[in-house]
Structures are given as C-alpha cells and as structure tokens.
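Counting the sequence shown from 1 gives a position; our numbering is that position plus 61.
There may be inaccurate statements among the hints.
Ranges of calculated distance between the beta carbons of each label pair, as one might list FRET restraints [what the hints assert, rightly or not]:
hint, residue 1, residue 2, range
1, 75, 127, 19 to 25 Å
2, 184, 281, 18 to 24 Å
3, 336, 260, 32 to 38 Å
Straight-line distance between alpha carbons at most 16 Å, and here's what the computed EDC-like set of lysine to aspartate or glutamate pairs gives [what the hints assert, rightly or not]:
hint, residue 1, residue 2
4, 312, 206
5, 133, 333
6, 222, 263
7, 260, 183
8, 246, 224
9, 246, 320
10, 323, 263
11, 94, 120
12, 96, 110
13, 222, 184
14, 312, 202
15, 216, 120
16, 323, 209
17, 312, 209
18, 94, 235
19, 260, 202
20, 222, 206
21, 308, 184
22, 260, 182
23, 317, 209
24, 317, 206
25, 216, 182
26, 308, 320
27, 317, 217
28, 260, 244
29, 96, 235
30, 213, 320
31, 308, 325
32, 213, 224
33, 302, 202
34, 260, 247
35, 246, 235
36, 133, 325
37, 260, 250
38, 213, 263
39, 317, 202
Since the hints were derived computationally from the structure, they do not count as laboratory data.
The C-beta atom is built at its ideal place from N, Cα and C for all residues, glycine as well.
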Amino acid sequence: MLFVRFREDEPQLREFIDVLSDQLVNYVIPLAKRKAANAAGAQSSTGADTALHTRLQREATNLLIRYQEENKARYGEVGELISYAVAVRFLDAPQIGSKMALKTSSQMPVHGVDGLHIRLEDDGTATLFLLESKLSPSSSDATREFCDSASKYQKDASARKNELRIITDLSNLDSLPEPLRSEIKDYFDPYAESGASLKRRERHVGSLTFSESSYAQRIPVEQGQSISAHEDHFSSLYAEKSEQISKLLAKQALAKGLDLAKCEVFLIAVPDINGLKTAFAEANSGHIR
62 MLFVRFREDE
72 PQLREFIDVL
82 SDQLVNYVIP
92 LAKRKAANAA
102 GAQSSTGADT
112 ALHTRLQREA
122 TNLLIRYQEE
132 NKARYGEVGE
142 LISYAVAVRF
152 LDAPQIGSKM
162 ALKTSSQMPV
172 HGVDGLHIRL
182 EDDGTATLFL
192 LESKLSPSSS
202 DATREFCDSA
212 SKYQKDASAR
222 KNELRIITDL
232 SNLDSLPEPL
242 RSEIKDYFDP
252 YAESGASLKR
262 RERHVGSLTF
272 SESSYAQRIP
282 VEQGQSISAH
292 EDHFSSLYAE
302 KSEQISKLLA
312 KQALAKGLDL
322 AKCEVFLIAV
332 PDINGLKTAF
342 AEANSGHIR
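Construct the complete structure from the given sequences, taking the supplied hints into account.
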C-alpha cells in the first residue's frame, strides 16, 4: 500500500515527480553508457565534467512519448518509471533490461513486460522480476488490466522466451564485473554445467497507480494540530479501501487463472492520474503537444 505523502495538508505530487525524474536516466540508459559517462567525468581536467551526463539526460527525455491531451490514456511511460523505482527500492532488485532501452524513437511502441530486474538470494537461487505497470483513474480497472496481461504472459511460452532472449542478448549483464556477470548469466543458460537455471524463479510485479478519491476527503487545518494529522486521516481511509481492492484483485486473478503466489502487487495511490501524467510531461522537457 503506497501513496503520495503529505506535507501537512498538501499531497506532495510535484516532489514525487521530481523523484521519478531523477531516476529517468537510470531507467532508460543502459549501464555501459552510464559507466562511460561517469568515467569520462572522473578523467576530465576538472575531475567532475558532467557534459556526458547532460547528454544522457537529453537522450532519455527524447525517448519519451510526447504527451497529447487527446491521447492521454496512452501516455504510460511514467508508470513504467514508477515500476522501475518500486523494484529498486522495495524489492532490492537491480535492472538488467527494459523495453525503453530498445526504443529507437520516441513514438516507437515496444511490447512486452516493462522491465526485467533480478535479485540474488542468500540460498543460492535467483528471482527474476518481470515488471508490469498500470495507470488508471480506477483501482478496479488497474487490477483487472494487470490480471489480464499477467495471466496471458504466464500462459505464453513464446513471450517468456523472448524476455529471456532480451536478457541474454540485449541486457545490462555484459557491463557487470566478473565473476558476477557469469554467475547471473548461468541462471538463464539451460545448458550451464552448474544447473543454475533450475534455481531461477520468476515473479510478475504489478505497480498499479490510480486516482484515489480519499485525497479529496480532507480535514480542516487547526492550530496545535499534529503535522501528520492529514496524512494519518488519509492513510486510515486508504487502508480500508486497500483491503477491498485486494479482495477484488484476488477475485479477478481467479477468473483469469492467474497465480498470485507468483506475483508481487503494489497499489500506488495518487490524487489524480491525469494530473500525474501532465506534471511528469511538463517536468521533462515540456513533453506536451
């Protein structure tokens, strides 16, 4: 249960957008290019030249689809960025591949899961996280859309093979140092002598961002009031709704034959989903038409 937090009575949507925008290069730009930019800056005459970093920021924003009011329902890349941040922050799983890195133009659609992340476990196994983001004005629509796409993926062997091909051929793995690189690659090689591929589990991660009406149910500001009173009020309302959302999710998953034991689902409430999209587009080079 995640939500945009409050400073006193004000939801911090702009600050949330800033946090996401700060992660855009990390999400979009392959690890090798980011490492090269870091090295170039360190080896410059000042030891801190940031020209290549600025170039990478420009490259990342140029790959974003332009926001259009008449097609705002299709503007979903901020959701993909949210799913990236969730995987890194809450699953402690670094990215090894994303569909954004496969784009060659801002208007090029790329199908498949939104991102591929991995976590090496203490017991010698590995967990591959397949990221799926949904942005919707309605939580029920977000859960339904997630169940639909995740269930299709679980049943589609060719789609799963394609994601594994991206990992082995087009991912960040080659930028990792040895022996870590070989260790991770073995988890995706069915012919590896170590048999590590048998120790890989897969989990679908749903980052479901939606408009939450509880933000509008505010309490008045009063002298002597705890600064957390407004967030506490919202949180109690949202906690009740999240229980209902979770029950609906379970029902929708059952109808689609989706095994939720193989999923990690994050419910992410924002004041207004269209406001989120517009604010993100404005913050990133005015990506609005």
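A quick look at each hint next to the structure:
Our hint of 19 to 25 Å for residue 75 and residue 127 holds, since their Cβ atoms are close to 21 Å apart. Remark: the range hint 18 to 24 Å for residue 184 to residue 281 is contradicted by a beta-carbon distance near 52 Å. The hinted range of 32 to 38 Å is not satisfied by residue 336 and residue 260, whose Cβ atoms lie roughly 44 Å apart. Restraint check: the Cα-Cα separation between residue 312 and residue 206 comes to about 13 Å, which is no more than 16 Å; the hinted pair holds.
Of the supplied pair hints, the one linking residue 133 and residue 333 holds, its CA atoms being roughly 13 Å apart against a limit of 16 Å. A distance of roughly 13 Å separates the Cα atoms of residue 222 and residue 263; the hinted pair therefore holds under the 16 Å criterion. The straight-line distance between the Cα atoms of residue 260 and residue 183 is roughly 12 Å, inside the 16 Å bound, and the hint therefore holds. This hinted pair checks out: residue 246 and residue 224 have alpha carbons roughly 14 Å apart, not beyond 16 Å.
Distance hint between residue 246 and residue 320 is unfulfilled; the C-alpha atoms sit about 27 Å from each other, more than 16 Å. Taken as a hint, the residue 323 and residue 263 pair is honoured in the structure, with Cα atoms around 7 Å apart against an allowance of 16 Å. Between the alpha carbons of residue 94 and residue 120 the distance comes to roughly 11 Å, so the proposed pair stays at or under 16 Å and holds. As the CA atoms of residue 96 and residue 110 are separated by approximately 14 Å, the hinted pair is consistent with the 16 Å bound.
Of the pairs offered as hints, the one joining residue 222 and residue 184 is violated, with about 25 Å between alpha carbons and a cut-off of 16 Å exceeded. The hinted pair formed by residue 312 and residue 202 meets the criterion: a straight-line CA distance of about 13 Å does not exceed 16 Å. Annotation: proposed proximity of residue 216 to residue 120 is violated, straight-line Cα distance about 36 Å (limit 16 Å). Using a Cα cut-off of 16 Å, the hinted pair residue 323 and residue 209 holds, with the two alpha carbons roughly 15 Å apart.
Distance hint between residue 312 and residue 209 is fulfilled; the C-alpha atoms sit about 12 Å from each other, no more than 16 Å. About 12 Å separates the Cα atoms of residue 94 and residue 235, which keeps this hinted pair within 16 Å; it holds. Straight-line distance between C-alpha atoms of residue 260 and residue 202 comes to about 35 Å, which puts the hinted pair past the 16 Å bound. With a C-alpha separation of about 22 Å, the suggested pair residue 222 and residue 206 falls outside the 16 Å cut-off, and the hint is violated.
In summary, the hint linking residue 308 to residue 184 is not supported, as the alpha carbons are separated by about 32 Å, beyond the 16 Å threshold. A threshold of 16 Å between alpha carbons decides the hint, and for residue 260 with residue 182 the separation of about 10 Å falls inside it, so the pair holds. Only pairs whose Cα atoms come within 16 Å are accepted, and residue 317 paired with residue 209 is accepted, the gap being roughly 7 Å. Between residue 317 and residue 206 the CA atoms are separated by roughly 11 Å; this keeps the pair inside 16 Å, and the hint holds.
For the hint linking residue 216 to residue 182, the alpha-carbon distance of about 26 Å lies beyond 16 Å, and the restraint is violated. Taken as a hint, the residue 308 and residue 320 pair is honoured in the structure, with Cα atoms around 14 Å apart against an allowance of 16 Å. Taken as a hint, the residue 317 and residue 217 pair is honoured in the structure, with Cα atoms around 14 Å apart against an allowance of 16 Å. A hinted pair counts as satisfied when its Cα atoms are at most 16 Å apart, and residue 260 with residue 244 qualifies at roughly 12 Å.
A threshold of 16 Å between alpha carbons decides the hint, and for residue 96 with residue 235 the separation of about 12 Å falls inside it, so the pair holds. Taking the CA atoms of residue 213 and residue 320, the gap is near 11 Å; set against the 16 Å cutoff, the hint holds. A threshold of 16 Å between alpha carbons decides the hint, and for residue 308 with residue 325 the separation of about 15 Å falls inside it, so the pair holds. A C-alpha spacing of about 14 Å is found between residue 213 and residue 224, which places the hinted pair at or below 16 Å, so the restraint holds.
Proposed proximity of residue 302 and residue 202 is supported: the alpha carbons are some 15 Å apart, at most 16 Å. With a C-alpha separation of about 10 Å, the suggested pair residue 260 and residue 247 falls inside the 16 Å cut-off, and the hint holds. Using a Cα cut-off of 16 Å, the hinted pair residue 246 and residue 235 holds, with the two alpha carbons roughly 9 Å apart. Taken as a hint, the residue 133 and residue 325 pair is broken in the structure, with Cα atoms around 27 Å apart against an allowance of 16 Å.
A hinted pair counts as satisfied when its Cα atoms are at most 16 Å apart, and residue 260 with residue 250 qualifies at roughly 11 Å. Taking the CA atoms of residue 213 and residue 263, the gap is near 15 Å; set against the 16 Å cutoff, the hint holds. This hinted pair checks out: residue 317 and residue 202 have alpha carbons roughly 14 Å apart, not beyond 16 Å.
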